[in-house]
Structures are given as C-alpha cells and as structure tokens.
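4 protein chains.
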Amino acid sequence: MSQTINEEDSILLYLNRKRTYLVKVEKGKSFHTHKGFIQLDELIGKKYGTRIASSMRVEFVALKPTLRDYVFKMLRRTQITYPKDVALIVMFSGVGPGSRVVEAGTGTGALTSALAFYVKPTGHVYSYEVRKEFIEAARKNLEKAGVSEYVDIKNMDVTQGIDEKDVDAVVLDMATPWLVVPHAYSALKGSEALVSFSPTIDQVVKTVEALKENGFVDVQTIECIMRRMQTERGKTRPETLMTGHTGYITFSRKAIKQ
Amino acid sequence: MSQTINEEDSILLYLNRKRTYLVKVEKGKSFHTHKGFIQLDELIGKKYGTRIASSMRVEFVALKPTLRDYVFKMLRRTQITYPKDVALIVMFSGVGPGSRVVEAGTGTGALTSALAFYVKPTGHVYSYEVRKEFIEAARKNLEKAGVSEYVDIKNMDVTQGIDEKDVDAVVLDMATPWLVVPHAYSALKGSEALVSFSPTIDQVVKTVEALKENGFVDVQTIECIMRRMQTERGKTRPETLMTGHTGYITFSRKAIKQ
Amino acid sequence: MSQTINEEDSILLYLNRKRTYLVKVEKGKSFHTHKGFIQLDELIGKKYGTRIASSMRVEFVALKPTLRDYVFKMLRRTQITYPKDVALIVMFSGVGPGSRVVEAGTGTGALTSALAFYVKPTGHVYSYEVRKEFIEAARKNLEKAGVSEYVDIKNMDVTQGIDEKDVDAVVLDMATPWLVVPHAYSALKGSEALVSFSPTIDQVVKTVEALKENGFVDVQTIECIMRRMQTERGKTRPETLMTGHTGYITFSRKAIKQ
Amino acid sequence: MSQTINEEDSILLYLNRKRTYLVKVEKGKSFHTHKGFIQLDELIGKKYGTRIASSMRVEFVALKPTLRDYVFKMLRRTQITYPKDVALIVMFSGVGPGSRVVEAGTGTGALTSALAFYVKPTGHVYSYEVRKEFIEAARKNLEKAGVSEYVDIKNMDVTQGIDEKDVDAVVLDMATPWLVVPHAYSALKGSEALVSFSPTIDQVVKTVEALKENGFVDVQTIECIMRRMQTERGKTRPETLMTGHTGYITFSRKAIKQ
Numbered sequence: 654m655s656q657t658i659n660e661e662d663s664i665l666l667y668l669n670r671k672r673t674y675l676v677k678v679e680k681g682k683s684f685h686t687h688k689g690f691i692q693l694d695e696l697i698g699k700k701y702g703t704r705i706a707s708s709m710r711v712e713f714v715a716l717k718p719t720l721r722d723y724v725f726k727m728l729r730r731t732q733i734t735y736p737k738d739v740a741l742i743v744m745f746s747g748v749g750p751g752s753r754v755v756e757a758g759t760g761t762g763a764l765t766s767a768l769a770f771y772v773k774p775t776g777h778v779y780s781y782e783v784r785k786e787f788i789e790a791a792r793k794n795l796e797k798a799g800v801s802e803y804v805d806i807k808n809m810d811v812t813q814g815i816d817e818k819d820v821d822a823v824v825l826d827m828a829t830p831w832l833v834v835p836h837a838y839s840a841l842k843g844s845e846a847l848v849s850f851s852p853t854i855d856q857v858v859k860t861v862e863a864l865k866e867n868g869f870v871d872v873q874t875i876e877c878i879m880r881r882m883q884t885e886r887g888k889t890r891p892e893t894l895m896t897g898h899t900g901y902i903t904f905s906r907k908a909i910k911q
Numbered sequence: 654m655s656q657t658i659n660e661e662d663s664i665l666l667y668l669n670r671k672r673t674y675l676v677k678v679e680k681g682k683s684f685h686t687h688k689g690f691i692q693l694d695e696l697i698g699k700k701y702g703t704r705i706a707s708s709m710r711v712e713f714v715a716l717k718p719t720l721r722d723y724v725f726k727m728l729r730r731t732q733i734t735y736p737k738d739v740a741l742i743v744m745f746s747g748v749g750p751g752s753r754v755v756e757a758g759t760g761t762g763a764l765t766s767a768l769a770f771y772v773k774p775t776g777h778v779y780s781y782e783v784r785k786e787f788i789e790a791a792r793k794n795l796e797k798a799g800v801s802e803y804v805d806i807k808n809m810d811v812t813q814g815i816d817e818k819d820v821d822a823v824v825l826d827m828a829t830p831w832l833v834v835p836h837a838y839s840a841l842k843g844s845e846a847l848v849s850f851s852p853t854i855d856q857v858v859k860t861v862e863a864l865k866e867n868g869f870v871d872v873q874t875i876e877c878i879m880r881r882m883q884t885e886r887g888k889t890r891p892e893t894l895m896t897g898h899t900g901y902i903t904f905s906r907k908a909i910k911q
Numbered sequence: 654m655s656q657t658i659n660e661e662d663s664i665l666l667y668l669n670r671k672r673t674y675l676v677k678v679e680k681g682k683s684f685h686t687h688k689g690f691i692q693l694d695e696l697i698g699k700k701y702g703t704r705i706a707s708s709m710r711v712e713f714v715a716l717k718p719t720l721r722d723y724v725f726k727m728l729r730r731t732q733i734t735y736p737k738d739v740a741l742i743v744m745f746s747g748v749g750p751g752s753r754v755v756e757a758g759t760g761t762g763a764l765t766s767a768l769a770f771y772v773k774p775t776g777h778v779y780s781y782e783v784r785k786e787f788i789e790a791a792r793k794n795l796e797k798a799g800v801s802e803y804v805d806i807k808n809m810d811v812t813q814g815i816d817e818k819d820v821d822a823v824v825l826d827m828a829t830p831w832l833v834v835p836h837a838y839s840a841l842k843g844s845e846a847l848v849s850f851s852p853t854i855d856q857v858v859k860t861v862e863a864l865k866e867n868g869f870v871d872v873q874t875i876e877c878i879m880r881r882m883q884t885e886r887g888k889t890r891p892e893t894l895m896t897g898h899t900g901y902i903t904f905s906r907k908a909i910k911q
Numbered sequence: 654m655s656q657t658i659n660e661e662d663s664i665l666l667y668l669n670r671k672r673t674y675l676v677k678v679e680k681g682k683s684f685h686t687h688k689g690f691i692q693l694d695e696l697i698g699k700k701y702g703t704r705i706a707s708s709m710r711v712e713f714v715a716l717k718p719t720l721r722d723y724v725f726k727m728l729r730r731t732q733i734t735y736p737k738d739v740a741l742i743v744m745f746s747g748v749g750p751g752s753r754v755v756e757a758g759t760g761t762g763a764l765t766s767a768l769a770f771y772v773k774p775t776g777h778v779y780s781y782e783v784r785k786e787f788i789e790a791a792r793k794n795l796e797k798a799g800v801s802e803y804v805d806i807k808n809m810d811v812t813q814g815i816d817e818k819d820v821d822a823v824v825l826d827m828a829t830p831w832l833v834v835p836h837a838y839s840a841l842k843g844s845e846a847l848v849s850f851s852p853t854i855d856q857v858v859k860t861v862e863a864l865k866e867n868g869f870v871d872v873q874t875i876e877c878i879m880r881r882m883q884t885e886r887g888k889t890r891p892e893t894l895m896t897g898h899t900g901y902i903t904f905s906r907k908a909i910k911q
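Protein sequences appear in the order of chains A, B, C and D.
Using our numbering, read the first sequence as starting at 654 and increasing by one per residue.
Using our numbering, read the second sequence as starting at 654 and increasing by one per residue.
Using our numbering, read the third sequence as starting at 654 and increasing by one per residue.
Using our numbering, read the fourth sequence as starting at 654 and increasing by one per residue.
Chain A extracted, bound-state conformation (with noise of 0.2 Å):
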C-alpha cells in the first residue's frame, strides 16, 4: 500500500475526533471548513500522516482513510450498525480472507464493505437488497471503500431464497430476518455461521425460535455496550452521552443431521 498521497486520493482531513472529512485530492482544488481551507495540491506527494495548516493557520491531518473511517462516513447516514457491531459481526461470523459470504440487506454499504474488506483477495460477497433505491448509493460507497470487486450486490428479496450455496457465513442486518433462516440453512455449509443484527427484542425472539427450529445449533445473543473514556490526567472520566443501544447480535452455526 503506497504511502504517498497521488492525486485523485481519497484522504481523511483530520481537525479532532469530531470533525474528519472525507475528501478526494485533485488538482487546483481547495476545501473548506470552518477553520481555513486546505491547498489540496500541496499534499499531493507528501506522505499519509502529514501534518497541514489551513489559511487560518490551524493544524489539519492529511490521513489514509481506513475502513473504520469509510463504515462511520456510510453509517452517518443511516445509523444502524456501528462499527463496534460490525466489527463483533464480522469476528462471530468467522469471516475472513477467502471466506463467500452471503449478506442481506445492502443498505448503504457499510457492512458489506467490513465482509468485502476482510474477505480479500479470493472471498466474494453476495449482498442482497430489496429496495432498488439503495442500490446505487451502495454500489458508490463500495467504490469509494475500494473493495467493490469483491461484492455483488443483488436487487432481490432475500426471504424468497439464496442462490449460492456451500456460503461461509450469512449475515443478516434486516427488518424480518427469521424469513431467511431457512434459506440461509440450504447456502451455508455444515457447520458454519448465520449471524444476525436486530434492534428490537421482538425480533431477536423470533430469530432464535427460527434459528432452534431450523436446525442451527450454538444460538448465542449478545448486546456490546461501548462508552467512550474521557483520559485526562486529573480528570479522567467516562463521557456523559453515549449511545444506549445499537442492537443485539444473534449468532448460531449449522447443524446437520446424520
């Protein structure tokens, strides 16, 4: 990976941890923000990292985005997985380089860029969406991810069947994912995992019937609460807001009868 900024780069512009923005570095061009703009040419061959003051003179870091930055970019938008669930997704689901993964539904792409991400160079990714108006926003965001050759998103409902089979893993963060248990049963192969992502209660209750009922087995539930620390020597502390809940992550493996 190249540790030089060319242009046409995407680069992360780093203020503080609440003001990062995602800008593609082309000639001629300047960004503005509140504190100054950015002579985006003047980074052009600089290494990743470099430290670059904006014309109020306010210190700007020219980062690599990363795929934790491209998930929080995507998810800003929708808000419904964060990074701590996709990244207990991705651990529980046992993805990994080389792993076909089956996911539904795409939203805006943030998780199927994490399993797109992790599954490189020889996995693959099917994402199903049912609702064409996401598509192309996903499609887009998978580009800018850079990890869009190793997904293929497809506008199909997925409570109606899987065409893969012998899949490594089904991921599921959608509104009824207890319609796909059975599906996800005929695509994965023995032993491997269906994990899914609910806010609610009442579909975690209804996921894990299904789950039972189908054959899975190792049906485990499980909420990750993250708080942020406040480190200061002298006033160190947990912050005051954080986000309550996300949802839970069900997670199972199947089994097959003799």
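If you are wondering where the hints come from, they were derived from the structure by calculation, not from laboratory data.
Hints should not be assumed to be uniformly reliable.
Because identical chains share one entry, a pair is satisfied inside a single copy or across any pair of copies.
[As the list claims (entries may be wrong)] Calculated cross-link-like contacts (lysine-lysine; reagent style DSS-like; alpha-carbon spacing at most 25 Å):
1. K797 with K818
2. K699 with K682
3. K682 with K818
4. K807 with K888
5. K865 with K699
6. K726 with K688
7. K807 with K793
8. K699 with K726
9. K785 with K688
10. K865 with K688
11. K865 with K700
12. K688 with K888
13. K807 with K865
14. K785 with K807
15. K910 with K700
16. K688 with K910
17. K818 with K700
18. K682 with K865
Let chain A serve as the given structure and place chains B, C and D on it in line with the hints.
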C-alpha cells in the same frame, strides 16, 4: 476449505454453550465426557456440523473450529483479552489481508492468532514476547489455529525497540505500553494505527500522555461492555452474571511533521 | 439513636466487604469465624464502630446494622431485589415519612423493610403475600430490622383486589404485576405512583400495556446496571465480575378523568 | 396529604415524559405551551391527577409534584447529581426519618431536598456551601419543595471544619471531598456513613485514600448506569441515547479505636 472431517483434523465437539471440547480426530480413539464417550472414527468422512450421539445417547455436534473458538480456548487459561476486545482491536487497528503488524506481548497467542488470521495470505505478524516461558505454548497455539506461518515470535523486549519499519499497525497488550510508544512511532507508516489494550485506568492515562507527546493524533479510549441475552419467549432477559470489565482499548494514528 | 452497644442489640461484625456477620450481642456468648472467635461480652457498653480483635488477633469492627445491611442479609437468600433497585423503587414511588403504601409480594421482606424504614414514624405498609410459607420468615426479618410495627403482612392474593383506599403508592415485585394494575388504580390517590419490578421483558411489556389501558400516565421503564470500582492508586479499574441484570423498574402515575 | 388542588399549590403539568411544567396555580392565570394554554382556575378544587384539555384540545395531566420532580427540575440547570444517584446516596448513607445529616456543597439544593425529604419530621440537614451566589437559589428551591424547615444552609467552607457533632451521616457532592474526610470523622457517630459523589476517577482515588488513612472501613466505590427501555409490543428495545456517566459513589463507615 474442506467440508469433510478428515483424520488428524481438529474439531469442536459442541454439547452446549458452556461445554465445548477441542479434539483431534484420531483413528481408534474415543473422547470421554460426563455425558458418555464419542467414537471419533465415526466422524471421519462426515461433514462438519454433523450431529453425533454419545454412548449415553446424548447429542453432540462436530463443529469446525473457527478463529473465535481458538481464541476462546487459548484465553480460558489467562483471561486477558476477550473475543469482543480482539474483534474491536482488529477493527480499530485497520489490520486486514496483507497487513504487516507488530504485536506485543505474545502471551498465549490469542490476539496473535486473530491478527494472523486476518492478515492472510500475504501479510505478516511480528510478535514480541520478553517472557521466554510463554513462547513455546504460544507457538503451539498458533500451530493449532493454523496460522503459524504468518507469525514470527520474537523473544525480545519491545520496550527496547522495534526492528521492523513501515508497518501497518502496532498492537499492544502488555503491562507498560507507554514505554513502547516512541518505538511504535518509528516503526509505523505515516497515518497508521497504534492500538493498546490495558485493564487499568492508570495504564491508559500514561499511554494517552505518551501518544500525545510523541506525535500521534486521533487518540481515543473506549470500553466495551458485553452482555448476553437469555432469549426465550416469555422469559427473555439479560443474563444475571456478566463480565463487568476486561480492559480499555486506546486507539491513535501517527501524524508526520511536514 | 443510641451510640452504645447494649445487650441483645444486633451488630454487624465487619471483617471485609465480603465477610460481614449479623450477630446478636448476648452475655457469655462468643462468635466464631474462620479468623478466630470474638467475645461478644467485651462489646457491651462500647460505642458502635469499635474495632475488636478476634482470638487470632484479626481485627473486626462492630458496626451498627443499617437498612442496607438488613436488606442485603435478607436478599442473600433469594437474590430477587437488589439494594440498588430498592433505592430506585423507593425514590420513584415517592414514598417517604408518612406515606401509606401497598406492596406485593412480601417475599423475604427485604423491599418491605425498606419501604417501612422510610414511611416512619406515621406511615404504614400493607404488604400482600399469597404464599403462606413466606410469611413467618418475612415477619422475623421485619422484626430484626426493627420495622415490624409499620407493616401489616396480609396473606391474601393481591390479584384478587386491594382493600386499602387512597394510598400514596403501590409497589409490586411479583410474577404477574399486570393483573394488579386495575386494583392498584382503585387503591391509589390521584397522581400517585405505581412502581413495578420485573426480571423479564415479557413481564414489562404486559405491565406497560395494562398501565396504559387503565388510566396511568408517565409510564417509564428503566434498568440500572451497577458496577463496583476497584480503587487503588496504580490499579484502579472496574471490577471484573458483576451482576449483569436484576430487573427492570416500571414507573407510572394515576391520572383521573375529569 | 391533600388530594385536592388548592390555590397557590404547585402542580406538575404533564404532557409527555419530555414535556412537564412546574406551575403555581393562581386565580385568573393561564399557562401557555406550544400545545395551547391552560386555564389554571379550572383546576382549583379538582383532584390531583385530573386530566385537562388545553385551548388546542391537547390533554395534559395535573400531577402532584413529587420529590423526584423537584430534584429533576432543580437539576436541569446544573446536571450534577442525577435522581438515580440521589436515590443511591440516600440508601447508602442510611439517612431516614429522624437522621441528622451534614451535607456539602448545597449547590442548587437538589440533593439537599432529597435528604431533607427523608429525614422528616424530626431529623435535620446541615448543608455547607462556600459559594455565596448559590445560596439564595438553593433556599428558594428548598421552599418550593416544601422542605426548608428541615435544612440549615451554612455559608461556610466545609474543608475548614464541621460544627456539628454526633451526626448520622456526612454526604459530599463537591470538588475536593478528600479534604473533608478528617472533619467528617470528627463529626460522625461511630459506625455511621460518609458518602461522596464525584465525576472523575482522580477524585475517587484521593477520597478513598483519605478514608483509609482516617479510620474509615467498608470503603466501596460503585457506579450506576441507568438505561431507559422503549416498551411497546413489537418494538421493545433500550433507548438509543443515554447518559453514559454522571459520577462515582463512594461509601464508607467510621470505625473507632478501642
């Protein structure tokens, strides 16, 4: 990845969430539990995920062990890093296929295994461990988890320096992470991440101060509290007992003077 | 309140947080622990809070038992309501000196004791318990806690009706609180509170529905997660193990049609 | 306690959880909201809890303000102590009817009001506040809450000493609680409690050290995280936003050398 259980394969015999056994399938061997024994021969040639009855007619499932299972099994001994923290550390570090990562200390190899799993097939993990007595066990754990070719365990004191240059991430789970911060700065590519895991607040404060003094930006500390749900219609509730604290995760990125 | 330990007083012998003993001071008696025995005579005439050495020269402290100690000691047996929940129930119920309160079920009398403690000296608690076998033990607990004169325990089924009228609060810690809601409405003064404690979400949903259908307003459900801190310079951190869930507290107030 | 709304009474006009108004009922006055105005006259002689329609035909409820409502209303301004913390502080302090309590600082009087409410009718609260500018507002708040006769607000610096002797509890919600510990020891009866509330870990560590050095035992620090539930069949879930941290509560009891 093969879907069939072969001789010498490791399987995870699943009875219930609290009773899982990591077992090697060997000809002529049986595996004994308090719910009867299982003839391992019978599993050879079967698919992963196959249900099998013990001599006491209790059903087990022969699962394919995942990264998460290996991490769990390694951690039962030291309880230092929990799977949820492993997931968040991987996500925040930006580590993925192809990454070159420096890690310290190796410990039982749980976090090392996770990092190695995600850098496959072209990345590498350089894992520092000063305590000689840990190294052999860690090496065996990496072999069991099938990731040893992606890791160099180095019996060196990381507080004295890091040999590698231009690495994509530095991940620390050790008693004195603040002493490694200047070395990590030298080892990292611009913009890339240092992630540190510490149980106490005092460690976090010292590490955050060292990061700010040594040219890192975007310094954030979070804590993740994970709670299991008991999900059963009419009896749904969070579980009574939980782990209240494992540790704090501190994240930061290297900035460069222009 | 007397500051001196008298014969027949109950004291709390404190060794450490996890080792406290509720003991009656009787002449000629000694109290035996794994850290040696204590001559209870020696404490007569001493002030509460006095340090005393056991026969093994280990220091104990003779504390005056508080409401919280009695509640804790009663709860060790059933673990149903936790002190934090007791505190919140009291606060949300609006119960204070002079209040007339209906409570169900009595159980071991832990929550009953707390309510009785706070309604002193002119209020009263009417505590319903349908299970005969609980009543004797509860009565003894109330006596030990010194609040029995403020409580009537009634061996009646509260789901069949409440005898009292114009009460200041109804507090429920029982399996089917929703069945009591119409009776509670009749028993309460206008504007006053019904507070219900339930471990499962299913109970909460049914109770909230009953409250909304029966003329209650300001219906709110909360959960309180309590975590201990290990506080020691250089080793400060939340404790590893914690109680993840006790129950949900639902609060509401009676509205009146004009 | 009267069940009827009289002239000059304070009522809590309830629209929904987030919209409640503390209003004095005065003849000829109306109260204006974004949902229309309410003729306060009409409420005189009605029962507390009565539903009343605004000029825009939106229903409000005329509730009787409780301690909790006063505490909430006072806290909206400073956000220092939250009702859940007030509840726990009261419980842990052992304060109840008849207790004599020293408190510092008075602040807006929220915690003072709660303590005064529970010591009624024979106890008393001595509340120290060094900042003159807070005293007038606190006094008004105590009057509104109907508890001013149970409180002496003292414009004195509690870190310089406590006048009272043989008190039943010392409750601290101030920046430097550790400086008060020796004075609290002198003021307290043997066995009785000091309870301190602090937002930062650094304050907690200093206070715990002072307590241990000054003859206190049973020193414990806890944190309470409160989460609201959205309870609605089919949509039940914890609420998205929550307060992640208010402060730590440290509890201890005075031991006496023999």
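Outcome of the hint check:
| no. | hint | result |
| --- | --- | --- |
| 1 | K797 with K818 | neither (29 Å within a copy, 28 Å between copies) |
| 2 | K699 with K682 | within (16 Å within a copy, 62 Å between copies) |
| 3 | K682 with K818 | neither (48 Å within a copy, 33 Å between copies) |
| 4 | K807 with K888 | neither (50 Å within a copy, 29 Å between copies) |
| 5 | K865 with K699 | between (55 Å within a copy, 22 Å between copies) |
| 6 | K726 with K688 | within (20 Å within a copy, 38 Å between copies) |
| 7 | K807 with K793 | within (15 Å within a copy, 43 Å between copies) |
| 8 | K699 with K726 | within (24 Å within a copy, 45 Å between copies) |
| 9 | K785 with K688 | neither (39 Å within a copy, 40 Å between copies) |
| 10 | K865 with K688 | between (55 Å within a copy, 22 Å between copies) |
| 11 | K865 with K700 | between (52 Å within a copy, 20 Å between copies) |
| 12 | K688 with K888 | neither (27 Å within a copy, 41 Å between copies) |
| 13 | K807 with K865 | neither (28 Å within a copy, 44 Å between copies) |
| 14 | K785 with K807 | within (10 Å within a copy, 52 Å between copies) |
| 15 | K910 with K700 | between (56 Å within a copy, 10 Å between copies) |
| 16 | K688 with K910 | between (64 Å within a copy, 20 Å between copies) |
| 17 | K818 with K700 | between (44 Å within a copy, 15 Å between copies) |
| 18 | K682 with K865 | neither (57 Å within a copy, 31 Å between copies) |
Checked against the numbered hints above, the structure breaks hints 1, 3, 4, 9, 12, 13 and 18 and satisfies the rest.
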